[in-house]
Amino acid sequence: MKPASFDYHRPDTIDDAVALLSELGDDAKIIAGGQSLVPMLAMRLAYFDHLIDISRLGELRGIERRGHELWIGAGTTEATVGADDQVRQAVPLLTRATPFVGHFQIRNRGTLGGSIAHADAAGEYPAAALALDAVMEVLSPRGRREIAAADFFAGLWETTMEPDEVLTGVRFPVWNGRSGFSVREFARRHGDFAIAGALVAVQLDDADRVSRCGIGLLGLGSTVRRAPAAEAAVVGMPVGELVAEEIGRAAMTGLDDVPTDLQGSASYRTQVGATMVARAWREGVHEAIDEAPAGAANA
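Take 1 as the starting number for the sequence shown in the UniProt record's numbering and just add one per residue.
No lab work stands behind these hints: they were computed from the structure.
This one's a predicted model, so the numbers in the text were calculated from it and none came from an experiment.
It is possible that some hints are incorrect.
Said to hold, decoys possible - What follows is a set of in silico ranges between Cβ atoms, one per label pair, in the way DEER data are often shown:
| hint | residue 1 | residue 2 | range |
| --- | --- | --- | --- |
| 1 | Tyr-47 | Pro-238 | 48 to 58 Å |
| 2 | Ala-229 | Arg-144 | 32 to 42 Å |
| 3 | Asp-7 | Leu-242 | 31 to 41 Å |
| 4 | Gly-143 | Gln-271 | 39 to 49 Å |
| 5 | Asp-85 | Gly-240 | 26 to 36 Å |
| 6 | Asp-257 | Arg-66 | 29 to 39 Å |
| 7 | Asp-27 | Leu-156 | 13 to 23 Å |
Every residue gets a Cβ at the ideal spot worked out from N, C-alpha and C, and that includes glycine.
With the sequences and hints as input, model every part of the structure.
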């Protein structure tokens with residue numbers, strides 16, 4: 001199928017884009033890489049009278065270290081994020097997550113901001129932003145504001161951005177010291193949406209106690225989730241006393257909307273999710289104990 005007809009707009013600045021979005025209202029949609037929106041339009045799952053293309057706005061692209069955070073412009077492609085040395089040193093979880101995002105053709109066009117704003121329940125970048133307590137920067141005719149990742153994802157393909165707001169950038173905290181990161185997910189084929197997956201960030205103090213932990217879950221609800229029960233259970237504990245399988249089971253606590261579909265039942269997804277958390281936990285802890293500090297170059 002082909003999409004229904006629409007008017008195409010390509011503003012020169014982000015301010016122009018925001019003004020257009022405000023003027024055109026619900027009949028307009030922002031498009032960046034288009035790797036999620038275009039297939040939905042082609043299958044007639046979505047329809048808009050106007051598309052506002054922000055893919056060529058240089059002010060939305062870039063990667064910058066800003067103190068204890070790494071800023072990534074919303075228009076930065078996923079391929080750029082995955083290959084960037086600053087990202088690898090400052091936010092390794094993003095580097096690890098990038099190869100799981102579709103295929104390289106998709107990553108060459110898709111953008112970090114597009115992935116996060118799309119808010120897919122199986123999205124790796126949304127789960128990473130949530131696990132790392134990232135901050136979203138958005139712009140509207142009323143000015144700029146910030147939204148914490150914990151308050152950003154509202155449901156399936158739904159965020160707490162207002163209809164006239166545009167995501168312009170994301171700030172990721174930099175984890176220095178003895179930190180480890182891992183991404184594990186299970187899919188029928190590489191590049192498919194994950195049946196269930198986990199992103200783990202763990203930090204240890206000098207006494208080998210867990211001082212910080214973030215666990216992001218994907219494919220286990222209507223949106224990406226965190227695992228607060230599992231995180232609370234491990235922080236402050238000697239890492240040698242923690243059992244990965246128990247952490248995996250704890251991470252499934254409170255998941256009341258795990259989907260049942262052709263890929264598997266809710267029970268099956270939950271079992272897979274627990275296993276993915278356990279495997280990611282082992283790898284993250286191994287890195288924190290045995291490898292050089294992930295943020296050493298930026299400390």
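Hints versus structure:
1. Range check, Tyr-47 to Pro-238: Cβ separation about 56 Å, and the 48 to 58 Å hint holds.
2. At roughly 35 Å, the beta carbons of Ala-229 and Arg-144 sit within the given window of 32 to 42 Å.
3. Here the CB-CB span from Asp-7 to Leu-242 is close to 56 Å, at odds with the stated 31 to 41 Å.
4. The beta-carbon spacing between Gly-143 and Gln-271, approximately 46 Å, falls within the hinted interval of 39 to 49 Å.
5. Here the CB-CB span from Asp-85 to Gly-240 is close to 33 Å, well matched to the stated 26 to 36 Å.
6. For Asp-257 paired with Arg-66, a C-beta distance near 36 Å keeps the hint of 29 to 39 Å intact.
7. Under the hint 13 to 23 Å, the C-beta atoms of Asp-27 and Leu-156, about 22 Å apart, fit the expected range.
In the structure shown, a violation is registered for the earlier hint numbered 3 alone.
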